[in-house]
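J.: Below are the chains, spelled out letter by letter.
Protein chains: 2
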Amino acid sequence: MSIVQKHQVDFKLFDRPDVPVRSFKAGDTVVTEGEPAKEMFVVRNGKVAIKVHGDTVEEVAAGGMFGEMALIDHSPRSATIVAIEDTDLVPINERLFVILVQDTPFFALDVMRVLVERIRLMNQRL
Amino acid sequence: MSIVQKHQVDFKLFDRPDVPVRSFKAGDTVVTEGEPAKEMFVVRNGKVAIKVHGDTVEEVAAGGMFGEMALIDHSPRSATIVAIEDTDLVPINERLFVILVQDTPFFALDVMRVLVERIRLMNQRL
Numbered sequence: 001m002s003i004v005q006k007h008q009v010d011f012k013l014f015d016r017p018d019v020p021v022r023s024f025k026a027g028d029t030v031v032t033e034g035e036p037a038k039e040m041f042v043v044r045n046g047k048v049a050i051k052v053h054g055d056t057v058e059e060v061a062a063g064g065m066f067g068e069m070a071l072i073d074h075s076p077r078s079a080t081i082v083a084i085e086d087t088d089l090v091p092i093n094e095r096l097f098v099i100l101v102q103d104t105p106f107f108a109l110d111v112m113r114v115l116v117e118r119i120r121l122m123n124q125r126l
Numbered sequence: 001m002s003i004v005q006k007h008q009v010d011f012k013l014f015d016r017p018d019v020p021v022r023s024f025k026a027g028d029t030v031v032t033e034g035e036p037a038k039e040m041f042v043v044r045n046g047k048v049a050i051k052v053h054g055d056t057v058e059e060v061a062a063g064g065m066f067g068e069m070a071l072i073d074h075s076p077r078s079a080t081i082v083a084i085e086d087t088d089l090v091p092i093n094e095r096l097f098v099i100l101v102q103d104t105p106f107f108a109l110d111v112m113r114v115l116v117e118r119i120r121l122m123n124q125r126l
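Sequence lines, in order, name chains A and B. FYI, the numbering for the first sequence is 1 to 126, going by my numbering. FYI, the numbering for the second sequence is 1 to 126, going by my numbering.
In isolation and in its complexed conformation, chain A is listed as follows:
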């Protein structure tokens, strides 16, 4: 089973003038395990690695998302995220996240599918 996140979100949702893209170079750390969290990210170009305790558990390429867990349960970051290519990210803060869930049920289902894919990947490791 590949560790690259398969599910893809619809970019039209995030093409908003109030949501500027944020750019990272290959090797940059995007978020750090244990930090407080205020946003999730959708990958516009490039690729990142999700690392738990130093192990890469998942890779996320264009159209994928990460960092949503901290928005959902208001806990610190559960993983460190490192750009493995030059990467452009669309940040989604909590206000926009709640609007997207309320107004676009298919976004809510997208988030659920990403979470379920992650659980199935982890089940393979048990």
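Simulated from the structure, these hints should not be mistaken for laboratory data. A couple of the hints might just be wrong.
Chain A side only, calculated, beta carbon under 8 Å to chain B, not exhaustive [stated by the list, open to error]: (1) Val-52; (2) Ser-78; (3) Val-101; (4) Ala-108; (5) Met-112; (6) Arg-113; (7) Leu-115; (8) Val-116; (9) Glu-117; (10) Arg-118; (11) Ile-119; (12) Met-122.
Quick list of in silico lysine-lysine cross-link-like pairs, DSS-like style, CA-CA up to 27 Å [stated by the list, open to error]: (13) B:Lys-12 <-> B:Lys-38; (14) A:Lys-6 <-> B:Lys-38; (15) A:Lys-6 <-> B:Lys-51; (16) A:Lys-47 <-> A:Lys-25; (17) B:Lys-6 <-> A:Lys-51; (18) B:Lys-6 <-> A:Lys-38; (19) B:Lys-6 <-> B:Lys-38; (20) A:Lys-25 <-> A:Lys-6; (21) A:Lys-51 <-> B:Lys-51.
Since the structure is predicted, the reported quantities are computational estimates derived from the model, not experimental observations. Where is the CB? At the ideal position from N, CA and C, for every residue including glycine.
For chain A, the structure is supplied; the task is to place chain B on it using the hints.
T.: Same frame as chain A, but now just chain B:
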């Protein structure tokens, strides 16, 4: 970290004449890993164990939910569920699930919180 699911759903959502409760005795198998799946469940009374490859990874008591992963990504059951007490369950089929996600964003967030809680439990085991 306890393996009992902490997040609780609001039962009023499921108090519907078209959704009859289904009852199981302690020891009964509710769903079997690998089977096709058409519904998720909310626990009304009692308690079940979620078993992956024979190991109990989570327990779900009144107010908790399980079986939602198969509804979200249309895959076979990823776990076997066994009643560990006499248990009453509210089954939620895909049609009702989609209605609940569309009409009640807080239900969508409930489902996300349960999924995130499960991922954090699994992270502890990595």
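J.: Against each hint, give a clear statement of whether it holds in the structure.
T.: We went through each hint and held it up to the structure:
Evaluation of the A:Val-52 hint against chain B yields a held restraint, the C-beta minimum of about 5 Å falling below 8 Å. A least Cβ separation of about 6 Å between A:Ser-78 and chain B falls short of the 8 Å threshold, and the interface hint therefore holds. Contact between A:Val-101 and chain B, as hinted, is supported at the beta carbon level, the nearest pair being about 5 Å apart and thus within 8 Å. Contact between A:Ala-108 and chain B, as hinted, is supported at the beta carbon level, the nearest pair being about 4 Å apart and thus within 8 Å.
Because the closest C-beta pair between A:Met-112 and chain B is about 5 Å apart, less than 8 Å, the hint holds. Checking A:Arg-113 against chain B by beta carbon gives a least distance of about 6 Å; that is within 8 Å, so the hint holds. For A:Leu-115, the suggested interface contact is upheld, since its CB lies about 4 Å from the closest CB of chain B, less than 8 Å. Taking 8 Å as the C-beta cut-off, the interface hint given for A:Val-116 holds, the closest approach to chain B being about 5 Å.
Given hint, A:Glu-117 at the interface with chain B, holds; its Cβ is 7 Å from that chain's nearest Cβ, closer than 8 Å. The beta carbon of A:Arg-118 is positioned within 8 Å of a beta carbon in chain B (closest approach about 6 Å), and the interface hint is therefore held. Interface restraint check: A:Ile-119 against chain B, minimum CB-CB distance 6 Å, threshold 8 Å, status holds. At about 4 Å, the closest approach between the beta carbon of A:Met-122 and any beta carbon in chain B falls short of 8 Å, and the interface hint on this residue holds.
Distance check on the hinted pair: B:Lys-12 and B:Lys-38 sit about 22 Å apart at the alpha-carbon level, within 27 Å; holds. Note on A:Lys-6 and B:Lys-38: the hinted pairing holds, with a Cα-Cα distance of about 23 Å set against a maximum of 27 Å. With a C-alpha separation of about 25 Å, the suggested pair A:Lys-6 and B:Lys-51 falls inside the 27 Å cut-off, and the hint holds. For the proposed pair A:Lys-47 and A:Lys-25, the alpha carbon gap of about 10 Å is at most 27 Å, so the pair holds.
At roughly 26 Å between alpha-carbon atoms, B:Lys-6 and A:Lys-51 fall within 27 Å of each other, so this suggested pair holds. Between B:Lys-6 and A:Lys-38 the CA atoms are separated by roughly 23 Å; this keeps the pair inside 27 Å, and the hint holds. Proposed proximity of B:Lys-6 and B:Lys-38 is supported: the alpha carbons are some 25 Å apart, at most 27 Å. Taken as a hint, the A:Lys-25 and A:Lys-6 pair is honoured in the structure, with Cα atoms around 23 Å apart against an allowance of 27 Å.
At most 27 Å may separate the alpha-carbon atoms for a hinted pair to count; A:Lys-51 and B:Lys-51 meet this at roughly 26 Å.
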